[in-house]
Structures are given as C-alpha cells and as structure tokens.
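Student: Okay, here's what each chain looks like letter by letter:
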Amino acid sequence: MIAIIKYWRGPLFWLALLLLAVFCMGQFEFLFRQLTPDAAEVIYHRESFAQLLLNHLLVVAVAACLAIIIGVLAGVVVTRSWGRDFLPLVSQVASIGQTFPPVAVLALSVPLLGFGDLPTIFALMLYGLLPVLRNTLAGLQGVAGSTLEAARGIGMSPLQVLLQVELALASPVILAGIRTSVTITIATAAIGSTIGASTLGNPVIAGLVNGNTAYVLQGAVLIGLLAVCVDSTFERIQHGLALRYGG
Amino acid sequence: MSDAAMIELRNVSRQFGDITAVDKLSLRIEKGEICVFIGTSGCGKSTTLRLLNKLIDCSSGEIWVDGEDVASLDSKLLRRRMGYAIQSTGLFPHWTVERNIGVVPRLLGWPADRIDARVRELLELLSLPYATFVHKFPSQLSGGQAQRVGVARALAADPDILLMDEPFGALDPITREALQNELLRIQSHIHKTIVFVTHDIDEALRLATRIVVMDKGRIVQHDTPENLLNNPVNSFVEDLLGQGERGLKRASLERVEDFMLPLGAAGLPSLSIEAGSSLRQALSLMLWQRADLLCVRDQAQVPLGILPISALLQSKSS
Ligand SMILES: Nc1ncnc2c1ncn2[C@@H]1O[C@H](COP(=O)(O)OP(=O)(O)OP(=O)(O)O)[C@@H](O)[C@H]1O
Ligand SMILES: [Mg+2]
Chain A
1 MIAIIKYWRG PLFWLALLLL AVFCMGQFEF LFRQLTPDAA EVIYHRESFA QLLLNHLLVV
61 AVAACLAIII GVLAGVVVTR SWGRDFLPLV SQVASIGQTF PPVAVLALSV PLLGFGDLPT
121 IFALMLYGLL PVLRNTLAGL QGVAGSTLEA ARGIGMSPLQ VLLQVELALA SPVILAGIRT
181 SVTITIATAA IGSTIGASTL GNPVIAGLVN GNTAYVLQGA VLIGLLAVCV DSTFERIQHG
241 LALRYGG
Chain B
248 MSDAAMIELR NVSRQFGDIT AVDKLSLRIE KGEICVFIGT SGCGKSTTLR LLNKLIDCSS
308 GEIWVDGEDV ASLDSKLLRR RMGYAIQSTG LFPHWTVERN IGVVPRLLGW PADRIDARVR
368 ELLELLSLPY ATFVHKFPSQ LSGGQAQRVG VARALAADPD ILLMDEPFGA LDPITREALQ
428 NELLRIQSHI HKTIVFVTHD IDEALRLATR IVVMDKGRIV QHDTPENLLN NPVNSFVEDL
488 LGQGERGLKR ASLERVEDFM LPLGAAGLPS LSIEAGSSLR QALSLMLWQR ADLLCVRDQA
548 QVPLGILPIS ALLQSKSS
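Listed in order, the protein sequences are those of chains A and B.
Throughout the first sequence, residue numbering follows the numbering used here, covering 1 to 247 in sequence.
Throughout the second sequence, residue numbering follows the numbering used here, covering 248 to 565 in sequence.
I should point out that these hints are in silico values taken from the structure, not numbers from a laboratory.
Do not take every clue at face value.
[Claimed, not checked] Label-pair restraints from in silico Cβ distances:
1. A:97 <-> B:368: 50 to 56 Å
2. B:320 <-> A:7: 33 to 39 Å
3. B:309 <-> A:168: 35 to 41 Å
4. B:361 <-> A:160: 18 to 24 Å
5. B:315 <-> A:144: 28 to 34 Å
6. A:6 <-> B:368: 51 to 57 Å
7. A:97 <-> B:382: 39 to 45 Å
8. A:19 <-> B:371: 30 to 36 Å
9. B:361 <-> A:86: 23 to 29 Å
10. A:19 <-> B:361: 50 to 56 Å
Note that the Cβ used here is the ideal one computed from N, Cα and C, for glycine as well.
Using the sequences plus the hints, can you model the full thing?
Tutor: Listed below in structure tokens is the structure:
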C-alpha cells in the first residue's frame, strides 16, 4: 500500500492541489482581490468549478477515447498487408493535420454541428487523433522484421501476431502518442467555451470579455493543474511499462 | 506419394517480380536426416525454407510434408508442427526467456505445468542454467545464448521437422562449434528431420547427412558430405569446397578408428590419440610433434591400435 502511494505520489500531489483549487477557491479571495481591486466580484460564480471540471473532463474523455480508438485502428489498418495502399495517404493527412491550428478546426466545425459540446468534441477528436495515429504508425513500423517473421513462422495467427507481438511492442510509443494527445486535448478544450461548450475555459473567456484578470487566472490555474495531473499519471504508467519490459 | 520422404519438393519455383529465387527445385528429404543447404548469397536458400512452412507460397510446383500437400494444409497448424529458428533469432524482446520458449506450447494449449517442465528440460538440454536464464529478457543475453534460446523455442513443441536458417551465424568459431556439437548430440537423441541453411562449408560437412549445393535458385549437387568431397560435379562445387583444403576437409570427416592398424608386438608409441578423433586431428598432431606413429586409445585410455602416417593414405577400411 505504501509502495503504491509512493509510486503514484506525483499524480496524487497534483490531484490534491487540483481538488483544493476546485473546492476552496473562495478561501483565496484576498489574493485575487489584489489582482482586480475594482471588480465587483473576484471569484467566478456563474457555474461551480466542480461542475465545470466535470464537464471539461467529460468533453475531453469522449474526444480522447474517440481519438485513441480511431487513431489506433487507422494505424493498424494501414499497416496490414491488405490496407497498405492507404498508408501514404493516411500518414500524409496525419502530418498535414498537425500543422492546422486547433482554433481553425473549432471554427470549421461550428457550421457543421452548431454550438455546444458536440462541435467541441468533434474538433478535439480530430486534433487529438493525429499524435495517436502518428505514434501508432511509428510504433508498428518499428517492430523488427525478424520478430514478425519469427512470430508468423512459429504459427501465430495474424490476430495473435498483432495483439501479442506488434501492439505489445509498439505500446510504449503508442502510449506516448496518447499522452501527447490527451494533454493537448485538455488544454484545447478550454477554447470550446468560445463556441458554447461548458468547460474550464468559461472563467477565462468571461474574464477576457469583462476585463477581469482574476477570472482568467482561476480558469488558467485549474486547466494547468488538470493537465499536469493527467500528464504525470501517464508518466507513471509509461514508467511502469518500461520496467516491465526489462530495460 | 513416394514412401518415407518426410519432405518432398516437386518442381517448385518461386518468382519475385523478375527474379526467380527458386527455379524448378525437386528434392527429397528423408525422415531423420540433417539436410544442409549451402550456396552463395541470394541463391534462394532462405526462400526455399520459407516455402516449406508457407511463409511464402510457391509460384508453381508442389511441396509434400509427411505425406500431405502443404497447399491443402492450414499454415498456422503446419508451422506449429515445424520448429523455426533464424539467424537474427527473432526472439520476442518483450517476453522473458521462459515465455519465448513456451510460446508454441502455449499456442497449442498445453497446461501450464507441462510448459514449465518443458522449458526446464530444454534449458538443460541447451546448457543454459534454469535459474540464471529463465527470467531474463532477450536484451540481457549474449549472442550465443540468444541463439540457443532460439533453438530451444524451435524445439519446444517437439516438432518432427526443424527448419533452421543460419541459426549459428554471426557467432565466434568456438561458440559455433559448441552449438554444432550440441545440435549433433541432441539429434542423436531426438531424431528430427532437420533442414539447415548455412554459409559455412565446414559447418555443412560437419552436420549434414546430405548437402544441397544451390546456385541461382537451382540445385547444383545433392549428395553426402563424402561424395561431395570426392566427386564434386563442377568447378562451382570445387570452389565452394575450397580447392587447396579439400584433403583436410575430407580428413576431418574420417575417424581414426576406421584407419588404425592392429596393435603389433613392438612397444606402444609414446604419443596417443583418441579413437573417435578425426584424421585431421591425427595429422595435425603428427605434424606438430613431427611424429610418424600414434597410439590409438579409447576414452578409458585402453590402447586399441596404432596409426602410422602411411595408414592415412589408405582408402577407408571396412
Ligand atoms: N520477399 C522478397 N521480395 C522480393 N525479393 C525477394 C524476397 N525474398 C527474397 N527475394 C530475392 O530472392 C533471391 C533469393 O533470396 P534468399 O533470401 O532466398 O537468398 P539466400 O540464399 O537465403 O541468401 P543469403 O545467403 O544471403 O541469406 C534474392 O535475389 C532476393 O533478393
Ligand atoms: Mg538467407
């Protein structure tokens, strides 16, 4: 038990800070007051921070899950012998897509899906897809030819080769892609507030519109803490995986 | 279907685009043989091996294994009946030695305790101490150890046929010879049908019951090591055998006990050699010690006969 806590102490620390910020923001009113002495209100109250956090997480979770499923599947398909024709196309799309600013994706999805959570999820999913796809391709292509020949040569079925050998060996690289994707998604989800999704971006946007620096800071701190918390969790998972595969 | 051939190729060809990697190959490999393929790089040895376990398909011709046309067999099931060891070992880097060796038995659904017993047995057979190696990952093994594990994995499910593509390549001569001896020792217990690819003519002469010399996808000569040395069909085979060394190569296949003379009334020569040694070793000893007579003894040092240098020049007795 102690060993487990010790192993996860990084993420636990950030989680504790995050929860503190969510539930005890009011305690720090005096600090924010320094920042905006003239404002009528210094703590954002339109929605509770817990509610915003939950919705933010929901948007991120749905978008990230879709991105991971689609990204990994696409990566697998185009590296099979029957899907190889699409490999150049897909890897090109993956690299071009990465140069597209997320705000542009967001803006483009509004005419398609209207305002709210849905276009935000769609845009986040598209944007988060790319790191997953790119790393899945790199991971699968990095598996040595001799390992694959041996796997087939000893009589594994194509599915067994994929699951037990290819994906298992590529998993650290794929996981690194997922980590990047999720972290980007958490940060980018805040922009969803501009098109009507209710996220931790709400205080930021409200603060910018009303010239209330305290609101902006509260939103930014929460987004930052959430991102660090999730990122450090991934770091621990990757660390564990590396240990298991005997460095 | 002709009787007794474990593996039979009939007019087998395989093209890759314009390249004909294997060209109308016909060949019979009998049960219990060690058939060694040798030839220049790119002559189609590995391709032939991959045709046998259906990693690639024939462009034309038929391959029969143990009385069945492989075209009609499920490739997974066929491969699980054939051990496959390759030069680069192809060990799974994310699995321990134990899991690597046990992979085919696991695919075949053996119970865990039987797999464990088999892994122990194989590690012992290949002189890898169980406790030291069982939990190691491939990256923690030396080249020779990894190749042993590769051979152990090929043997794990006790297949009738072993396909080995330069399994001892890229090893130093001493480790290589140790592994060759191990293979011969193991083979004397288990009597598999082994198809073995090598670049090394000495390895071929040492291991083979019959050697297949290949060039440009065709068989140049298919013969026993003795016949290959005594009657190479053309200059290609002669070159492969290394012209200047042919006498020594043949001598390394011949055993002292087949050439020794009965013990005479005269006293025993002071220099001794074991009956199972090769004529090459005997000759080397004579040259080194500048002696023309050796005493032949068995493993318990009991004198069995004498070997004068003139006896080396006789054709084989028996
Ligand atoms: N998958 C493939 N695609 C295209 N050409 C191939 C393929 N595999 C083998 N070849 C070609 O077929 C020929 C025979 O190759 P093969 O690997 O059987 O040679 P080899 O005798 O094993 O050579 P080496 O001793 O170098 O291992 C070569 O010309 C090679 O380039
Ligand atoms: Mg080869």
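Student: Now look at each hint and say whether the structure bears it out.
Tutor: Evaluated hints:
no. : hint                        : in the structure
1   : A:97 <-> B:368: 50 to 56 Å  : holds (54 Å)
2   : B:320 <-> A:7: 33 to 39 Å   : violated (49 Å)
3   : B:309 <-> A:168: 35 to 41 Å : holds (37 Å)
4   : B:361 <-> A:160: 18 to 24 Å : holds (20 Å)
5   : B:315 <-> A:144: 28 to 34 Å : holds (32 Å)
6   : A:6 <-> B:368: 51 to 57 Å   : violated (41 Å)
7   : A:97 <-> B:382: 39 to 45 Å  : holds (43 Å)
8   : A:19 <-> B:371: 30 to 36 Å  : violated (56 Å)
9   : B:361 <-> A:86: 23 to 29 Å  : violated (44 Å)
10  : A:19 <-> B:361: 50 to 56 Å  : holds (52 Å)
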